[in-house]
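So the sequences go chain by chain: W and L.
Just so you know, we're using our numbering here: the first sequence kicks off at 246 and counts up by one.
Just so you know, we're using our numbering here: the second sequence kicks off at 246 and counts up by one.
Hints are not guaranteed to be accurate.
Copies of the same chain look alike in the list, so a pair counts if it works inside one copy or between any two.
[As the list claims (entries may be wrong)] Derived pair list, reagent style DSS-like, types lysine-lysine, alpha-carbon separation capped at 27 Å:
(1) K460 with K332
(2) K460 with K304
(3) K304 with K332
(4) K248 with K332
(5) K304 with K248
(6) K454 with K332
Everything labelled a hint here was simulated from the structure, so no lab data went into it.
2 protein chains.
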Amino acid sequence: MPKLRLFVADDLDAGAAITLGRDQSHYITNVMRAAAGDEIALFNGRDGEWAGEITTLGKRTVDLSLTERLRDQVSEPDLWLAFAPIKRGRIDFVAAKATELGVSRLIPVMTARTQMSRVNTGRLLANAIEAAEQCERLTVPAVSDPVSLADILSGWPADRRLFVGDETGTGQPIAEAAGDIASGASQPCGILVGPEGGFTPDELDDMGKLAFVTKIGLGPRVMRADTAAIAALSVIQAIAGDWRDSRSR
Amino acid sequence: MPKLRLFVADDLDAGAAITLGRDQSHYITNVMRAAAGDEIALFNGRDGEWAGEITTLGKRTVDLSLTERLRDQVSEPDLWLAFAPIKRGRIDFVAAKATELGVSRLIPVMTARTQMSRVNTGRLLANAIEAAEQCERLTVPAVSDPVSLADILSGWPADRRLFVGDETGTGQPIAEAAGDIASGASQPCGILVGPEGGFTPDELDDMGKLAFVTKIGLGPRVMRADTAAIAALSVIQAIAGDWRDSRSR
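Bound-form chain W, shown alone (with noise of 0.2 Å):
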């Protein structure tokens, strides 16, 4: 297999000619330095895996034609990501860990003690398709825009259950709460962490009230945020997602 991937907008199917952006060609040839006839893997979120014949090296463009189909597209978790936004650095890292460990959309999440009033979600979808191309997934995660605790709740699916992490230690442990939802087929389900300092009181009492949420805890030390984004998806991923089975590739 190649081993450059990229992640492209352009449909994908045999024989097409992809021209690559700017930002894109200026990787392939000044930063990688390959060649023409060198091939690079393509993927967009929906036509599986390409190989690409780079048929013309430019510094400001580079053309590919496609050869032939490496992968199928296959359908992958339906697990979404509720964050309040911490500093950059490491909400960069949450953005990057989150989409090799296979989240489907990542939603930023103003509370009440969340520090940050801006997110770049452009950076954001920047470091998502960055870990994508180098994890093998065949999507980006969606990155949706900031939105305040009440209106994610108000709009959220009741079909898919949201684990809240709970910092008072009154959750339920994650793997019990994530083992009940670990039927035979994947469900849609979310994940959703605070702020450093956690939720207020209100906040955990109101989400308490909701049918689709369940609190859960994390053991007995307190994480850092990004810490407790992590862990929570690997264990929601290990007991109830795609990692139940193994690799076959």
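Model the placement of chain L on the given structure of chain W, informed by the hints.
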């Protein structure tokens, strides 16, 4: 409870006088801008957590008088993380996150594909201490000197299950493997994660012949080494470690 927490080497007991070293004194005086009379929480990994009142506050020396024990020392999981060193930044991150997740020992392991030839164990320990102070642990993980893969395996305790991250996709799904050791009492175990690029086929073959080794799989995506370490720790802790009980604080 006092907000500031520090790890010290001194014995902690009622009425004891503690003099902080230069770095911690600087931190307390100039960074946190504490005042005489303020309380700080101290732990040493042996004597629980104690409140100390600042009696002398100087730029280079801070003296404390211990007033009361805030928490008794409790037993913590006996969980080792052995990992191939990765570049600075990512390895600091592993040390900090693993501490939050509750590891008891960090062991840098040199494998065939490991790119780093040196490991700054002092910096790893500093990252672990800082994370332990913040996450309210009562211990700091031990940091071992780097060891070759052959040596760690030949000296591995036979009664300590070793979960080896098998990136070929043929390992046992981690939730299943963790479930196999999740009896009533916590068991000593360890996790071994390879470098970027994984273990060599020979390394995996050799490890597969050892009775204490279980090769584990972490789902269909290819994870970076640091992600794999954090994900594996989270799942083991959730299923077989001390996350099975609610936090009672």
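How the hints compare with the structure:
With identical chains, the CA atoms of K460 and K332 are at most 27 Å apart within one copy only, with a shortest distance of 25 Å there and 36 Å across copies. For the homomeric pair K460 and K304, neither the shortest alpha-carbon distance inside one copy (52 Å) nor that between copies (45 Å) is at most 27 Å. Taking CA atoms no more than 27 Å apart as the test, K304 paired with K332 passes in neither setting, with 35 Å inside one copy and 30 Å between copies. For the identical chains of this complex, K248 and K332 are inter-copy neighbours only, at 21 Å across copies versus 33 Å inside a copy, given an alpha-carbon limit of 27 Å.
Only within a single protomer do K304 and K248 lie at most 27 Å apart by alpha-carbon distance; the minimum there is 20 Å, versus 54 Å between protomers. Within a single copy, K454 and K332 get their C-alpha atoms no closer than 30 Å, and across copies no closer than 45 Å, so neither meets the 27 Å cut-off.
Going through the hint list in order, the structure does not satisfy hints 2, 3 and 6.
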